[in-house]
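Engineer: We have chain A already, so just place chain B on it with the hints.
2 protein chains.
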Amino acid sequence: MQKLNQEIGKLIAKKRKEKAFSQETLADLAQIHRTYVSQIERGLKSPTISVLSQITSSLGIKLSELLQEIENTL
Amino acid sequence: MQKLNQEIGKLIAKKRKEKAFSQETLADLAQIHRTYVSQIERGLKSPTISVLSQITSSLGIKLSELLQEIENTL
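Quick note, the sequences are listed as chains A and B, same order.
FYI, the numbering for the first sequence is 1 to 74, going by the numbering used here.
FYI, the numbering for the second sequence is 1 to 74, going by the numbering used here.
So that you can see chain A by itself, here it is in the shape it has in the complex (with noise of 0.2 Å):
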């Protein structure tokens, strides 16, 4: 599962980088501290569905978009 981590990790890193949105933009939007969103796109914690929710819908992207997208590289 940790791959699975690393994935949304990475993903989550490059879709913010994409909105020219700092780790601490990111983390106010979605209402998580900002060093969470550190320890995601790191892949060194798994987000609970309702932060990636937040998350996702902070990015103007859908969580199974985002899911279906690592899906495919795994």
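Everything labelled a hint here was simulated from the structure, so no lab data went into it.
Do not rely on the hints blindly, as some may be mistaken.
[Unchecked claim] Here are the computed lysine-lysine pairs in the DSSO-like style, where the Cα-Cα straight-line distance is at most 27 Å:
{"hint": "1", "chain 1": "A", "residue 1": "K62", "chain 2": "B", "residue 2": "K15"}
{"hint": "2", "chain 1": "B", "residue 1": "K3", "chain 2": "B", "residue 2": "K45"}
{"hint": "3", "chain 1": "B", "residue 1": "K62", "chain 2": "B", "residue 2": "K45"}
{"hint": "4", "chain 1": "A", "residue 1": "K62", "chain 2": "B", "residue 2": "K62"}
Structural biologist: Frame of chain A; chain B shown alone:
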């Protein structure tokens, strides 16, 4: 986010029953505790994406499919 957790829980319970799995069987397959399955199904806990992935693969469905089905109802 409570609504999301509840919808996920309901859908997992539905898919589990379609497979004729008990909560115990699903817990064993997904390598999590039976009480955790129960809490997730009742929307009391937001599963991590790792746990949700173990649950969906135990049920023979894709994570993205489960979430797509939920997004359509929210």
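Engineer: What hints, given by number in increasing order, does this structure fail?
Structural biologist: Checked against the structure, no hint fails, so every one of them is satisfied.
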